[in-house]
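Just so we're aligned, residue 1314 is where the sequence shown starts under our numbering, counting upward by one.
Any given hint might turn out to be false.
As the list claims (entries may be wrong) - Label-pair ranges, simulated between beta-carbon atoms:
1) Ala1411 <-> Lys1366: 32 to 42 angstroms
2) Gln1364 <-> Gln1321: 40 to 50 angstroms
3) Ser1339 <-> Gly1406: 32 to 42 angstroms
Don't read these hints as lab results, they were simulated from the structure. C-beta: ideal position from N, C-alpha, C; glycine also.
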Amino acid sequence: ECGDCLAQPVCAVTEEPFETTYGDCSTYASGEGNHAFCLEDEGLAVLKGGQVKSVRANTVCSECGDCLAQPVCAVTEEPFETTYGDCSTYASGEGNHAF
């Protein structure tokens, strides 16, 4: 919620593992056979919400290096809260954002 963590865009989030005709995201990592084709290879992705769209590997696969994998939040049984407030108070424009 702070918005200060990401230096690159977040990769598109898919409901199913992304794959092109040439392989899955692991084959697009640096040093792998498909890495040079990150900007060219496309595959169908089922995006969050069910929309099916043709996308390039570099917009979905963090292995290409053009986007970051979706950050994973810690899962807690109780809602997170500090003595200064809950997560919503740390969002941009809110009182705790600077902290």
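Hint-by-hint comparison with the structure:
Taken as a hint, the range 32 to 42 angstroms holds for the pair Ala1411 and Lys1366, whose Cβ atoms sit roughly 37 angstroms apart. A beta carbon spacing of about 23 angstroms between Gln1364 and Gln1321 contradicts the range 40 to 50 angstroms that was offered as a hint. Between Ser1339 and Gly1406 the CB atoms are about 39 angstroms apart, so this pair conforms to the stated range of 32 to 42 angstroms.
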